[in-house]
Every structure is written in structure tokens, then in C-alpha cells.
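Chemist: Can you make the complete structure from the sequences, with help from the hints?
Chains as they are written, first to last, in full-length UniProt numbering: chain A, 1 to 732; chain B, 1 to 213.
Keep in mind that the hints were calculated from the coordinates and are not lab data. It is possible that part of the hints are untrue.
Okay, derived cross-link-like pairs now, PhoX-like style, lysine-lysine, Cα gap no bigger than 25 Å in a straight line [unchecked claim]:
#, chain 1, residue 1, chain 2, residue 2
1, B, Lys33, A, Lys206
2, B, Lys193, B, Lys155
3, A, Lys665, B, Lys155
4, A, Lys154, B, Lys167
5, B, Lys121, B, Lys190
6, B, Lys91, B, Lys49
Computed spacing ranges between beta-carbons, pair by pair [unchecked claim]:
#, chain 1, residue 1, chain 2, residue 2, range
7, B, Gly48, A, Arg199, 51 to 57 Å
8, B, Val120, A, Ala69, 34 to 40 Å
9, B, Gly177, A, Asp711, 54 to 60 Å
10, B, Asn78, A, Gly170, 45 to 51 Å
11, A, Ala376, B, Asn52, 42 to 48 Å
12, B, Asn78, A, Gly589, 41 to 47 Å
Just so it is clear, CB atoms sit at the ideal spot from N, CA and C, and this is done for glycine as well.
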Amino acid sequence: MTTERMIQTFASGLVRQTVFALALLAPGFAVAAESAAVTSPRVTATLLSSRDTVAPGERFQVALVQKIAKGWHTYWLNPGDSGEATRIEWTLPAGVTAGAIQWPAPKALPVEPLVNFGFENALLLPVEITVPENARPGERLTLQANATWLVCEKICIPEEGAFTLDLPVGPAGIADDAAQARIDAAIAAMPQPAGFRGRLAADGDKLALILPGLNKGLTDLRFFPLSDSLIEHAAPQTPASAADGTTLQLTRSGAFKLEAAEITGVLTFKDGGLPRALSLSADADPALVTAATGDATGVSAAPRPAVLRLLVPAEGANLTLWAALAFAFAGGLILNLMPCVLPVLFIKALGFAQLARASRAEVREQGLLFLCGVVATFLLLAGAVVALGALGTSVGWGFQLQSPPLVIALAVIMTLIGFNLLGAFEFGTSAAGIGDGLASRGGRVGAFMTGVLAVVVATPCTAPFMGAAMGYAVVQPPTVGLAVFMALALGFALPVVALSFAPGLLRLLPKPGRWMVILKQAFAFPMFATAIWLIWVASVQAGPGGVLAALVAVLAAGFIVWLFGVTRGTGGVRFVTSVFAVLVALGAGWFVVQSAVPPATTEARAGDMQAWSPERVAALQAEGRPVFVNFTAAWCITCLANERVALSRQEVKDAFAKLGVVYLKADWTNRNSAIAMALAEQGRAGVPLYLFYPARRDAQAEILPQILTSDMLITAAERAAGRDLKTAANLP
Amino acid sequence: MKAKLTRQTFIAGLAMACLSLGTGAALAQGTAKVGAPAPAFQAVDVEGKTRNLQEFAGKTVILEWTNHDCPYVRKHYNSATMQTLQKDMAKEGIVWLSVISSPEGEQGYVDAATAKELTVKRDAAPAGILLDPNSKVARAYGAQTTPHMYIVDPKGTLAYMGAIDDKPSSSASSLNGARSYVRQAVAEMKAGKPVSQAATKAYGCAVKYAPVS
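Modeler: Below, the structure written as C-alpha cells:
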């Protein structure tokens, strides 16, 4: 090994010395038709000219000649699994131009388990030189070529050589017959134009190169693509006869990348035992083209089915910043109408109405404080998403609900708000002033905390338009992400703030009175309903232990609130109570964290749907089945609403059955990086996401809107199945 | 102690045998796929300890296939580019493992002592050097060239595979303006973004594979 290195060092030294000596001697010797040789123990290289004398305006060929020692090889343009192609850099007199290297057909040189594409023994690389019209007979043209090549046996050695051709210009060109014959022979042996265009199509996770013009009975078929990131070079290429010619099955490269719809390469085969080579261009199916690469955006080389974007709201990744901000704002606005949020805001609005009679300025101040509370909480959430993302955790909107203890905490908050609305107890100002925010008359802290609370209770909900914006936010730099969250916060806060600034709107409300008390009590029930739903979510996430934990937490919270209620205002007792309450809270908290542990794996729930996986989608598509994928979570209320009003409708189930649609469910109730990744691929940060894959291998999925109707599902199913329900109904 | 080591080696060998059987005869391309769990491996490091991928769960791991005599590897070490990258990645808390898959008698093969000596001499800073003279780790990953880089995220998912940078050349001048795919991937992972160029064509000398025994 050390000896080998010594030889290498010696060899490269020798090359350098030879080049140096030749550089000195070249003008004197000026061997017209062939440059002096650059020699190493592996390669002897020269630059050969087909002309002894060149004429003005004529084009002629020169060639870099490599005589390669036995066992060694140099490389083709696409070197295969390793290696590097020979390169030539020209230094030419003014007006003289050199074309590109014309490459002979490469040979596949296996180095188990890899393969290289290159050349053994002897190689001529012709280059066409153009002499300018204004070259004058009598002058000399000095062509200088700096060539670099890698020569490998098992070990690889980079070599280089500088070559000079000094050619006289005459009134007519004079060929060097021997050189001309050698170069002509090399050009004659080059791959010939195929005379037909191939087609490259996806064939499952493989590729099919369709060669319509190829004769039957050819053997040893092999395609050498020019691009090094198209196929696995060492994988077998299986030919199959088809009606209109031959199909060659290729294996996609692990670094598969296809940036243009045309691929080029060389096809080699034996025709009656004689080796032949064709230069081939093929049209790639547009679905195979992996988006343009701009350096800034980069491109993921992993093959994945492209997605056809048909319906609004558009997926996030393609949004512009302004569109994302607009969607976020609209999403925030709609969030106000969600069942768990509306009571909180409505009570706040009523509070304004009562307060407005006292002081308009105070109402405005409270509106702004509410805004501050909303914005601060949203930014805190955004910060958490960004921070968790930076830690490598796949999260998205709703991630906070993937933790059972947090779900339980929300259930407790909902329950307490419910009892507060019923008037079972009042919060003291010291208890963070939540009560003040909800009560008709509130302090500053109260107004701020109402904003915080409104966002907290809104987290289970995803509004339409929000998904696209959030998807955009999480893939952008943090500053842009924060701007999108800011737009969401502003949209969310707008109705309350507008109300606080527009006393005219407040006057539309009836006078405060007993109806307010009744309404307030009535609003307790949506809060209890939300609590029940959250406890159910905890049961899905953590099983019976989750339910127990949630109910114990509610019990402890109720006990603490009661304790403070009965001991209000009495100094020493108050202190003891506080200590006791803290102990109860800690105990309950510990119990929750202990019992509410998500099971290691979430099993797909039984029913007419199956568990989702990307492989399953691909397999079903290959079987010719249309596939519907429902990305959902137990904590996603929009998802549940869609399942209730559209997905579980009998007519939808019937249509799916008739059209043979397979319903796959991707359940994101607990954290799952495969699902998070699939969402990210569609530019989404959260659920719901509905995809309809047509019944064709690798066909693009259609994204359905976030609010589903049964009609929409049925027509999408018909599109995916490629036939309408009436035709399907006639089938057995 | 010695008995324990032998037993570990035996278990490691057994695991590798199962792995080889599992991946079947067409081993050339390996099973490494971006977005999928990175292939498990067990290999003895230069300290004689058996290392496996699982022990680094929770950390980002970079695998560097190397052969100190390969001109492409030399380009990155002679210019200290590779050492700087190793040190910068260590600062990020990333585990860097250099893998030597050349069998005895082939270029790049070194024993543990020589590997350590090379590290000192070149001022390299890998967290560990895996000796893979049977090319089993290389087959599991389908490593093609030296250098060939793989990044495994803290969850054990393969996040990047391919070239070290975008200048496939052995000439030192190609380092000017080269864009490091490894740095780019690590920065994107740190920012919580998907790796934009997650699979690239590796370049360099062929990995010298041991014959399948």
C-alpha cells in the first residue's frame, strides 16, 4: 500500500516532468499532425490532427488519443457508479473554435457490485475545430489542449496532460491520410442516430424505456443514460417484447432526478452477433419530471407521485406570501365561529355592551388588551412550532393536542369555564383574572387573559383556509412563519376589537338584563360538550387510563376551586388552603402524566377503512383501485365534522363500494412522522387533508377541500375511478 | 472481558449474517432510501468496540465512506475541508462516523492502529471510525464511492444520501465555490425544513468491495 502510494507520487511527478519538457520542446519540434505524447504507466495520450495544413474557413477533426494499459479504464460522460469523465479545456487563437467531444459508445465495466461506464485499451475522442475565414495562408495556428482524465483499475489516478498542435494555414487543406483514416474510423464507429424516439414511463417504482422502432431479435440490450441520476447503473436491464417493439425495464436511481422532459443516452446491443450503438432521445412522461430545480428552492430527488392541484384551498407550499397571509387572516376570522370559541367571545362582547354605558375609552382599551392577549398566545404557539421543528420533531398545527396531558388540561379548562358560566363559582382576581375576562365587568389583566383563553380554546379547531396558510408557515423561514401566525391572530381578534371600537354595533345588542344571565348559563353547555369531546380524545390517545386521568384532573380542579371559594379572604387559613391546593394540583398532575401515556402503537380502528401507508397507496393504485385517503385526528373537530356530515353518509359509502374505492385512514391523533411527512409533501402542516388517487399506477392525487360534502366526494370518486356511478351500477 | 467481546462479535456477526440474508442476493444497491429507516448496522470501531446505529438514537449521525488513498478523498483531507466539516458537525452535536469498507489487500484497507494514526496525522475529528473489511455496512447502504455521505436523523430515518458537494472532481481547485450538500442538509434539518436535495449522485473512487463470502 505504501509502495503503491510511492509509485503514484513518482508517476504523477513523471507526468509533470514530461509535460514540462514537452512545453519547452514543442515549438521546435512542431510535429504537425500529432502532438507529443504525455505518458504514464497507465495511459499514453496524444492530440491527433486530421490535417497537416488547414485552409481558412474549413472545419476539421482533431482527437485526444488515449492508449490505456491493460486492466485500466477511463470514463464516459456519465461515468456510472464512480469515476469522472475525461475533459478538455482549449486555448485557441482568435477566431478558432472547438466543438464538444464526440463520445464513442461506452462499455459497462463491472466492479462488483458496482458498474462503471468507460473505455479500455484504446480511445479516440474527436473534437471538431473551425478555422476562421480570415485566417491567412502562411500563418500558423497553435491549438493548446489541457486534458484531465481519471484512470482506474481498482484504484484511481487522476492524470492530466497539456497538448499542443501547431498547424500551418495554407490556401487549401492538406489531410494527414493516416490520422484522417483513424479519426474517420472512430467517427464511423460512433453511436448512430436511432431514427426513432423512445418513451420513458413509470413502471411501478421502476422505469420502462419504450423503444418502438427497434427490430426484434437483438441481444445484449443496454441503455446508458447521459444523466448520472436517472437509473441504478448496476441493476439488470430487462428487455420485454411488446407489440410495437421492445421495452427495457430500468431501475430508478436512488438519487433520481429528471429535470427535462427529454432524456438522451446511448443504446448498445448485438445484432446478429455484431455490436451496434444508437444515440437515443426519449420523451419522459411529464409525471416523471421532478420539477425545475432552482438552486434556491432545491429539488427533492426522491421519486414521489406528483399531485394535481385542482380545488381550492390550494395547498400551502405553492402559496405566495400574500396569499398565505390572506388565507391566515380569513382562517382566523372563521375560527371565531367555532363552537368552543364562540361562547367566550360572545360573553366578552356582552361585557362590552354593559361597559359601553360606563366608559367607551375603557371598552377600547379592553379590546386592544384582548388583541394583545391573542397575538401573544399565537406567537407563543408559533415559537413552539418553530422551536420543535428546529429540534427535528415533526409537528404541525394541533401538535399540542397530540400530548394527552395537554388534552386533559384543556378538558379541565373547558369544564371550569362551564361551571363558571353556570355561576357555580367566581374566579378571584388573583386566579389570573380569567373570571374577570368572562364576567361582564373586567380588569385589564382579565381582558388580556380572555385573549389568551380564546386562543387556547380555539386550538382544537382548524378553520377552512387555515390549513394552507399554516402549511406555508412551517416550511418558511421563522420570520415569514411568524408573519403568517400574526395574520391568523389579527383575523382571530378582529371581530372583538372591531366591536370595542364601534359602539354603533354594540347598540344593536339588546339591553343587558336577565337574558344575559340565561344566555351565559346556556353557553356553559357547549363548553361541557367540548370537555366531553376532549376526554374522548384522551381515551383514544391513552385508553381507559386517559379517561381516568382526565376525570381525576377535573375532580382535583373542582376541589381546588371549591376550596378557594369556601376559604375566601381569611389570612392564615388562606395560606394553608393554598399549600393544600398546590399539593392536590401537583398530585393530580403527576397522576395525569403517569396514566395518560399514549400506547406505543396506535392500531387502525376497525371499520370499512384501512390504515394508511404510502406503500399501500402505491400497491392499490398498481392493482387498479382508486384510493381515498383521509388524514384525520380525533382532536380535529373539522375532521370529525366531515366524517359525520359527508364521509359516513350512506350514499357516499354506496358510491365508494360501487366504484371499488379503497378508503385509507391516516390517523394523526398521536404523533406520527410518516403522516407529518406526507402532510408536508402536500404543503400542509395539519389535518384535515383529503386525497383522491386515481386507479392508475403513479397517477396524481387530487386534493379535496377541507370542508366536504357527499356530492363532492361522489363526483371525486367517479373521477378517480374513471367511470360514473350509473355505469358502475350496471356492473355486477 | 475477552469472552464478552467474543460473544459480542459473535452476536454482531449473526446480526450481520441475518441482514445480508434479508437483503438478498442483489445487494449492490443496498436498502438505503431517503425517508425510510436507515439500514441497521453493526461494526467494530478502531477501539475494538462493536458499534451499531441504534446506540445513537436521538442524535443525528453522519456516515462518511472513506479510503485515504483515493484522490477524491485526498482532495477533501489535504485541503482540511473534511476535517473542518467534521469539527463543525461535532459542534452541532452530530455523531460523525467514518466507514472504511476496503477489504484487506485493497486500496484503503487499514488496521485499527493505522486508522488511528491517520486521524492524528490528518487532524481529523470523527466521533468514531468503523472498520468494515467485509464491506457489509457498505452493502447495507449501497455505498458506491469514496467519499459517499449519509445523514441519519435523530429518529433513525435516512435524511440524506449522496455526494459531499456539488463539484464532482478530484482537483483541489474544484473546492472553490463548491456547495456542501451535507452542510445544506444539516442546516435545513436544523431549521425544521425538509432536506431540499436529499439524494444526490455521489462521486469519487469506487468503494472496493470484498467478494460476497
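Chemist: All hints are to be evaluated individually against the structure, with a verdict given for each.
Modeler: For each hint, the structure was consulted:
A hinted pair counts as satisfied when its Cα atoms are at most 25 Å apart, and Lys33 of chain B with Lys206 of chain A qualifies at roughly 14 Å. Simply put, Lys193 of chain B and Lys155 of chain B have alpha-carbon atoms about 15 Å apart, close enough for the 25 Å limit, and the pair holds. Only pairs whose Cα atoms come within 25 Å are accepted, and Lys665 of chain A paired with Lys155 of chain B is accepted, the gap being roughly 23 Å. Of the supplied pair hints, the one linking Lys154 of chain A and Lys167 of chain B holds, its CA atoms being roughly 22 Å apart against a limit of 25 Å.
Between Lys121 of chain B and Lys190 of chain B, the direct Cα distance comes to roughly 32 Å. Violation of the 25 Å bound is thereby established for this hinted pair. In summary, the hint linking Lys91 of chain B to Lys49 of chain B is supported, as the alpha carbons are separated by about 24 Å, within the 25 Å threshold. Checked against the hint of 51 to 57 Å, the pair Gly48 of chain B and Arg199 of chain A passes, with Cβ atoms roughly 55 Å apart. About 36 Å separates the C-beta atoms of Val120 of chain B and Ala69 of chain A, a value consistent with the hinted range of 34 to 40 Å.
Distance hint for Gly177 of chain B and Asp711 of chain A: a CB-CB separation of about 57 Å, consistent with the stated range 54 to 60 Å. With their beta carbons about 48 Å apart, Asn78 of chain B and Gly170 of chain A fall inside the hinted range of 45 to 51 Å. As the Cβ distance of Ala376 of chain A to Asn52 of chain B is approximately 46 Å, the hint placing it in 42 to 48 Å holds. About 58 Å separates the C-beta atoms of Asn78 of chain B and Gly589 of chain A, a value inconsistent with the hinted range of 41 to 47 Å.
Hints 5 and 12, counting from the list given before, are not met by this structure.
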